[in-house]
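Sequence order for the protein chains is A and B. Going by the numbering used here, 798 is the number at position 604 of the first sequence; the sequence numbering is gapless. Going by the numbering used here, 612 is the number at position 418 of the second sequence; the sequence numbering is gapless.
Quick caveat, the hints were computed from the structure, so don't treat them as lab data. Keep in mind that the hints are not guaranteed to be accurate.
For chains that are exact copies, the list does not tell them apart, and a pair is met inside one copy or across any two.
Straight-line distance between alpha carbons at most 20 Å, and here's what the computed SDA-like set of lysine to any residue pairs gives [as the list claims (entries may be wrong)]:
1) LYS762 <-> ARG799
2) LYS298 <-> SER484
3) LYS342 <-> ARG480
4) LYS762 <-> GLU833
5) LYS236 <-> ASP279
6) LYS298 <-> PRO716
7) LYS784 <-> ALA834
Protein chains: 2
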Amino acid sequence: MPTTTLTAVPLRDVTLRDGFWCQRRETNRQATLAASYLQLGKSGTFEAYQWEWDPAAPPKPWRIWVGDLGKWIEAASYSLTAHPDAELEAQTDAAAAAIIKGQKVDGYLYSNPMAPGHYWDNLQEKHQLYDLGHTIEGAVARYEATGKRDLLDAVCRAADLAAATFGRGPGQIRGYDGHPEIELALVKLYRATGQERYLELARFFVDERGQPPGFFAQERADLERRGVALFGWYRNSDYSGCQAHRPVREQADAVGHAVRALYLYSGMADVALETADAGLLESCRRLWRSVTHRRMYVTGGIGSSAHGEAFTFDYDLPNETAYAETCASIALVLFAQRLLAIEAAAEYADVIERALYNGILSGVGIAGDRFFYGNRLTVYPQSVAGAHEHTADRRREWFGCACCPPNLARLLAGIGSYMASTAPGALYVHLYGGADIAATVDGAVVRLRQRTAYPWRDTVRFTLDLPAARTFTLALRLPGWCRTPRLAVNGVAVDLAPVCRQGYACLEREWQRGDRVTLRLPMPVERVEAHPRVRMDCGKVALQRGPIVYCLEQVDNGPELADLILPKRARLRAEFRPDLLGGSVVLRGKAWRRDPAGWEDTLYRAAGAPRQAVEITAVPYCLWANREPGEMLVWIRSEA
Amino acid sequence: MPTTTLTAVPLRDVTLRDGFWCQRRETNRQATLAASYLQLGKSGTFEAYQWEWDPAAPPKPWRIWVGDLGKWIEAASYSLTAHPDAELEAQTDAAAAAIIKGQKVDGYLYSNPMAPGHYWDNLQEKHQLYDLGHTIEGAVARYEATGKRDLLDAVCRAADLAAATFGRGPGQIRGYDGHPEIELALVKLYRATGQERYLELARFFVDERGQPPGFFAQERADLERRGVALFGWYRNSDYSGCQAHRPVREQADAVGHAVRALYLYSGMADVALETADAGLLESCRRLWRSVTHRRMYVTGGIGSSAHGEAFTFDYDLPNETAYAETCASIALVLFAQRLLAIEAAAEYADVIERALYNGILSGVGIAGDRFFYGNRLTVYPQSVAGAHEHTADRRREWFGCACCPPNLARLLAGIGSYMASTAPGALYVHLYGGADIAATVDGAVVRLRQRTAYPWRDTVRFTLDLPAARTFTLALRLPGWCRTPRLAVNGVAVDLAPVCRQGYACLEREWQRGDRVTLRLPMPVERVEAHPRVRMDCGKVALQRGPIVYCLEQVDNGPELADLILPKRARLRAEFRPDLLGGSVVLRGKAWRRDPAGWEDTLYRAAGAPRQAVEITAVPYCLWANREPGEMLVWIRSEA
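Start from the sequences, fold in the hints, and give me the full structure.
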């Protein structure tokens, strides 16, 4: 195990100033949080914890919003940290009260009526512990933001009940939830309360998962004996869909439902860190490589198949049918964040940045009140007609299963906590954006002012403010996408090669108040190609500038985008358009397409159709579908 | 309406000699017919007509083999025409007897037990008339091949019952079958018997289909009122899946289940011809254009979606998920054959040839005992793992719904009947192959000997044998794929431009016994491109030589076929390989692919990976999947 770990600079100590994330967080606060609160109310979430079991009542529909209220409380609490707001705080109080009111005297807390004595029936499908996990996350965020212990106390009682219920002792259930989440939440609760039993329970859930002979198969047999109907998601399966096909330490490939997978891996990383479990960490790293080296879209999207919302096989990344659930990319960020805490390697922050700026932000419209559940990489409107709301080509106000909007809300409200970390003798900066960071390095406060128009411009300026001269390492991430980073301290260029460690420029020196560091990350337009085994992308390039992946939209380029071809040497110009999509850099250049004339009544003919030059405009993928509907495409054919 | 129509030279007057079709027909006779007979027996088809309705019995599974026995009788009868075979004839007698034995005294004939008084319940789904249609086709073929009237008499009684049951008269059902087929069969029966009532009934079914307010919706409401469960295929639909969404004369696009569509259109063309209905013919032509100009694979496959086995929208021709049911391409040939009978235009025979040599023949292995139901144009084995038997990447012995194998069997057994037609003063040759054709032109027999190694070689030699010199037009199809056809009569070159009419070289002269005509159809390897709106094929070419579409298989080219790129000017050589796949021409040439080395742990990187030259071998698409399993691809990326 690494002996040095990184600690994120807490949200309260990161003050976002103007710029990209500040703007998106403000939209999140004003629009997304408010819209989510309304929608959660409309869908009955506030009453969901108070239903009583009534065997005579017709079966209630499954409460598919389990956990969403916890995520919303978490989001609102992060927002209150940075931006006090009496109305929002009152809403948060009401939400917490709605949950607490439904808690049973024995501590049981779940947003579904369950038969007495059958609290934990059908763990595979009912998400009892998943729900508790999100409620715990909300409770910890609430406590840290406001100091209010009400929900924290409630989830502690619920977690105590779970700790008494689950385990290897006599009379305990050797089971776990079909949807991981409780594992990482219990580690959060352990960190917030110092109670080891929560960490122990997390470790139990991680280690027990997938142990033969298989809890879910036994549970299913029991339920069927009792005549209880299952939804049947994983009928006739080996339970790989919920990562319970074998013990987690033996899992080599990322399989099954992508959100479940990445929540599980995040919990595994937490447990590995807290228990110094090198074997478990190695499993995490193996799964990380499986996801990010072989099963991830260029946008940071994961889980390529709508069927099961799942991973498929290596290099299987279809664009038109991409699922790439917003929640799955968020879960990938959570996993990367945890590995980054264990090991200061830029590859983790690179993936965080890739997912944030692309496959996650695409999940919410620029107005903040429309959402994508799945994030396709190519859209051809006729083939999407009548698609499920999860795979639509227009963002929706809400979903029957609305996991993604509050997940986006909590991520964006807490975006500041991803920017920087401290380690003994070091301050790491992972993400660039206008922010004032007050970090505690070896017990002393270091104030780091960061000013930049990133990701649109390439220069990031830091100014240090510290009470007295002090020696420590300022480690700045050199993004993997940047070929020629440059760095200067007080105007003096720094030779990067000797100071670069795992993707971070580590500037160890005695820092003075007022020291200036300038990082330049030249961002020419890059043509990116995918591994030759990604059969869908052979012969195609994705355009990327800085961390931003671009796409073509019909509104700018006309229809039949698939026929466009990018000349190998055509110059692509980056232009900042203050009027477009909230202010963004677009890419412009020449391409070719075939003349559609002369094809009347001809479906096939000898190759050699003449082509014509056209001007193309690419916009950031995360900003697509904010104008007129039409085709969209990320991977553009390229001249061979 | 055209005043001159073409009459196919009957099967008995076309003697296949050596060569491509002769060989495939022989395999069909020896392997496919025998395998089909065994499989039909195993699946209980011979008893299917004799089940009695038993309300106390548990519901029987749907007899999905309806019609298959009729198709097999048709196939066997065609085979007997060319090749007397006592054992096959005895089997055919047994099959006919098995059907006849199950006929009710009132003439009702159906391979399912139906409640007394409810013969025609659920016409939308039960295929009563579809089944009768195939039985009629079998009966007519049997009668023409053997003179045996047993089954013909039976189907006449059944058709008489249908004629009394369906119509616009009082007490009649104004309905039609969910699966068209009866229409074209009734026209066959009319032609065989001269009984106008069968033609009338066919016309009724054609005209009534899709008339408001909609028979199927009414039928469904009736059935639901009576508590009868429907399978629900077209629940919540406008019945476009079975082409009943509007009157056929108002249908502009080919929609719904592709086999149903093309059987319907074939029946429409038959009725249009027999009743000189110009309006109906115009509908046929409009639908022909919809299918062949906008919704057909380069292989002649149609119905691109497995969902509903259906057409989707214009230019939507996915390769990996292509459905392209074998039966649908056969149905396309039936439709083309009928339009060709109305109008001697080579475009119809071109489509027949395209489908026959490619998307239909791919449906059966070279040994004749394994079948494809759907015919993908790209296969990536990992994405096919666990696929339904209809969309597998290996041919199967049989299917739960085994419509395709006997359909292939009847087509190949009757292949001779597609070769030539006569019209007043003219003999048309549509397909090339070793055959002796005895045609009756204006009452006199003309013997045309055709010798060729087509489709592997480009020369077709004809010799005429006729009792006395006679003036008529010998019309030879100039295939659409051929850019530079050449023709000589008795060694003297013919200038084609003045004699070419709608794709046929029309040689009008006084023919003598022994006259020799030599047709040369140079077949260089062609790179074919698809319409720019076929988004899946942009930047790709299909290789075609003569009528044969080629593909790459992993067994010849290694994996990751999608990464291969064909240089624009690379020469592709055609080589006859007598040892390969029963003797076939393969194409060989140079291509490029990226070096897969250096990509370890890299999923995306700046474009510009070096490529290496490789030798590729393409084999006829119709012969793929006869060796080791692996990837396959028709559309190859091409240098821009």
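Structure-based check of each hint:
In this homomeric assembly, LYS762 and ARG799 come within 20 Å of each other (Cα to Cα) only across copies, at 16 Å, whereas the closest approach inside a single copy is 26 Å. Taking identical chains as interchangeable, the C-alpha atoms of LYS298 and SER484 are never at most 20 Å apart, the minima being 42 Å within one chain and 65 Å between chains. Taking the closest pair of Cα atoms, LYS342 and ARG480 never come within 20 Å of each other, the shortest separation being 39 Å inside a single copy and 72 Å across copies. In this assembly of identical chains, the alpha carbons of LYS762 and GLU833 lie at most 20 Å apart whether taken from the same copy (5 Å) or from different copies (12 Å).
In this assembly of identical chains, LYS236 and ASP279 lie within 20 Å of each other by CA distance neither inside one copy nor across copies; the values are 22 Å within and 76 Å between. With identical chains, the CA atoms of LYS298 and PRO716 are never at most 20 Å apart, being 58 Å at best within one copy and 85 Å at best between copies. For the homomeric pair LYS784 and ALA834, the shortest alpha-carbon distances inside one copy (16 Å) and between copies (15 Å) are both at most 20 Å.
Consistency note: the structure conflicts with the earlier hints numbered 2, 3, 5 and 6.
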